[in-house]
Amino acid sequence: MDPAYSVILFTSSSGAGYGLIAWLALARLTSLWHISPVTALIACLVALVLITVGLLSSTFHLGHPERAWRALSQWKTSWLSREGIFALLTYPAALIFTAGWIRPEVPPVLMTAAAAATLVLAIITVISTGMIYASLKTIPRWHNSWVVPVYVALAIASGGLLFTLVLAVSKSASQKSLIAVLAVLLVSWMIKWLYWRFIDRQQPESTTGTATGLGHLGKVTQLEAPHTSENYLLKEMGFQIARKHANKLRRMAVNLGLLIPGILLILAGVLHGTTQLALLVVALVFGLSGIVVERWLFFAEARHAVTLFYGRSL
Amino acid sequence: MTSLPKSTQKKLGLVTDLDICVGCHACAVSCKEWNAGGHSAPLTDTDAYGKDPSGVWFNRVHVFETQDDHQTRTVNFPRSCLHCEQPACVTVCPTGASYKREEDGIVLVDAEKCIGCKLCSWACPYGAREYDADDGIMKKCTLCIDRIYNENLEESERKPACVIACPAGARHFGDLGDPQSDISTLVERRGGYALMPESGYEPVNRYLPPRPRKDRAGDTGTTDHLEAAEDAVEGNTFFKWLDKALTR
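In order, the protein sequences belong to chains A and B. Going by our numbering, 28 is the number at position 28 of the first sequence; the sequence numbering is gapless. Going by our numbering, 49 is the number at position 49 of the second sequence; the sequence numbering is gapless.
Because the hints were derived from the structure by calculation, they are not lab data. Note that the structure is a prediction, hence the values are computed from the model and not measured. Note that beta-carbon positions come from the ideal geometry of N, C-alpha and C, so glycine has one too. Take these hints with a grain of salt, some might be off.
[Said to hold, decoys possible] Footprint (simulated), chain B over chain A, 3 or more residues, beta carbon under 8 angstroms:
hint : stretch
1    : 60-74
2    : 85-93
3    : 200-213
[Stated by the list, open to error] Derived Cβ-Cβ restraints for the label pairs, each shown as a range:
hint : chain 1 : residue 1 : chain 2 : residue 2 : range
4    : A       : Lys235    : B       : Glu155    : 37 to 45 angstroms
5    : B       : Ser3      : A       : Lys235    : 29 to 37 angstroms
6    : A       : Arg201    : B       : Glu157    : 49 to 57 angstroms
7    : A       : Phe198    : B       : Asp178    : 42 to 50 angstroms
8    : B       : Glu198    : A       : Leu194    : 19 to 27 angstroms
9    : B       : Gly218    : A       : Asp200    : 45 to 53 angstroms
10   : B       : Glu198    : A       : Ala183    : 49 to 57 angstroms
11   : A       : Ala246    : B       : Thr46     : 24 to 32 angstroms
12   : B       : Asp219    : A       : Arg201    : 40 to 48 angstroms
Given these sequences and hints, build the entire structure.
Given below as structure tokens:
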């Protein structure tokens with residue numbers, strides 16, 4: 001599949017935003033961490049900006065962005081429609097939750113309810129994003145039970161890296177907290193690793209033989225393409241990446257996304273003040289770039305059934 | 001709504017005979033010509049000429065080669081929308097622009113509602129949908145709804161453009177939901193099949209397989225093997241000598 005930058009930006013940016021606001025909601029609900037209200041407020045706003053930038057960028061690839069509101073109508077069958085609805089439903093809860101950190105008008109009960117709703121809706125929205133891909137039977141590398149866990153886990157992990165900054169600014173980035181974020185990061189990339197292992201062993205049912213129904217005549221190959229240059233189908237769904245490059249990029253994603261931020265998180269655990277904050281910022285930058293590479297690969301490695309008609313394999 | 005009708009009154013569709021398709025592309029060109037001015041007009045060409053032409057087409061003619069131990073065959077293969085009974089392109093549509101008609105089963109796009117998100121093209125394994133970058137919406141085969149119900153046309157012409165154009169008679173149109181229809185009996189007789197049945201989209205269109213070839217001596221009533229010239233002269237010393245003498 002063509003790795004369109006608008007969709008890569010959307011899923012990684014809004015994923016990080018939903019992840020961050022979920023951590024903040026958890027912090028509010030559990031009192032596990034001490035966070036200064038003003039820092040929490042700013043962090044909530046940052047999360048909302050990330051979410052909004054992501055959502056807006058996802059409309060950039062539309063042919064008719066002005067009709068985007070119509071996408072909210074088909075929730076009965078379409079995961080894209082559901083994603084849009086959950087994204088919109090998250091806003092009122094998240095706005096009350098954001099304001100509640102400093103505004104006395106928001107009573108504690110409402111604040112708790114808003115935090116819980118924000119946490120649940122943020123995760124449901126990310127699940128919906130994953131389901132858009134996981135529901136497509138045409139793309140075996142997406143149509144499996146690993147895709148949604150990967151989307152949710154990496155959203156929480158990237159949100160976690162942002163959350164460490166909130167903790168550092170609030171002077172509560174204890175070793176325990178940083179280890180918790182590190183553990184989440186490690187588990188997320190382990191899920192991603194399991195996804196890669198799964199797609200490498202996958203043996204899709206459909207072949208050029210079943211697609212054309214000519215399999216009973218022997219091995220079916222493309223003798224001549226129907227058109228002399230690339231058409232929409234090949235540009236959108238025929239993107240190919242060499243296996244050796246894919247493997248190299250997978251290693252790069254893990255190094256950027258897990259290894260470097262992991263080491264930095266450990267180092268940050270023994271440091272304090274601005275040095276700690278600076279290390280955590282660097283960890284965040286690496287962590288997010290790892291996810292962007294992972295997301296690019298998620299598209300680039302996916303093969304679409306229509307390419308069977310062009311003599312390729314899934 | 002992108003919810004599918006429980007059943008459709010008719011299942012209009014196409015049947016393509018792969019045994020006699022000659023791969024002339026007349027169906028594809030005729031489709032392009034009619035539809036460039038039809039229901040989904042225009043079928044934008046961003047570059048119609050030159051080395052790298054690019055534009056929207058509803059019908060593409062592939063050529064495949066099949067090979068087993070016995071023989072190699074060339075099969076011409078027109079590919080267009082199969083008007084599935086379980087069209088994932090319809091159910092994934094977030095706006096309700098894609099729909100399947102209850103009355104005849106045709107899958108269409110409402111150009112006024114489509115936002116051009118392309119998800120339907122991702123959901124279709126048959127490559128039936130192409131994006132018109134100029135119009136910003138998705139386009140697809142309409143089964144020529146502007147021909148098949150068009151009372152301004154002679155009744156004999158109320159068929160999809162590809163069917164009318166085929167010089168080999170390889171394309172047929174009709175109601176595949178009616179087991180008594182000509183097209184259904186043709187499918188029955190020739191063992192017509194659906195593409196990629198394992199995916200579960202239940203296409204309405206059918207393809208008729210290439211017939212088995214009678215390409216071995218004996219298949220057509222001739223003697224099943226010919227004696228080699230060497231053997232024919234064996235036994236007769238005079239002819240053997242003559243053969244040798246002349247070969248020299």
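Evaluated hints:
no., hint, verdict
1, 60-74, "holds (count 12)"
2, 85-93, "violated (count 0)"
3, 200-213, "holds (count 7)"
4, A:Lys235 with B:Glu155: 37 to 45 angstroms, "holds (41 angstroms)"
5, B:Ser3 with A:Lys235: 29 to 37 angstroms, "holds (31 angstroms)"
6, A:Arg201 with B:Glu157: 49 to 57 angstroms, "holds (54 angstroms)"
7, A:Phe198 with B:Asp178: 42 to 50 angstroms, "holds (45 angstroms)"
8, B:Glu198 with A:Leu194: 19 to 27 angstroms, "holds (26 angstroms)"
9, B:Gly218 with A:Asp200: 45 to 53 angstroms, "holds (49 angstroms)"
10, B:Glu198 with A:Ala183: 49 to 57 angstroms, "violated (41 angstroms)"
11, A:Ala246 with B:Thr46: 24 to 32 angstroms, "holds (31 angstroms)"
12, B:Asp219 with A:Arg201: 40 to 48 angstroms, "holds (45 angstroms)"
Consistency with the previously given hints fails for numbers 2, 10, ordered from lowest to highest.
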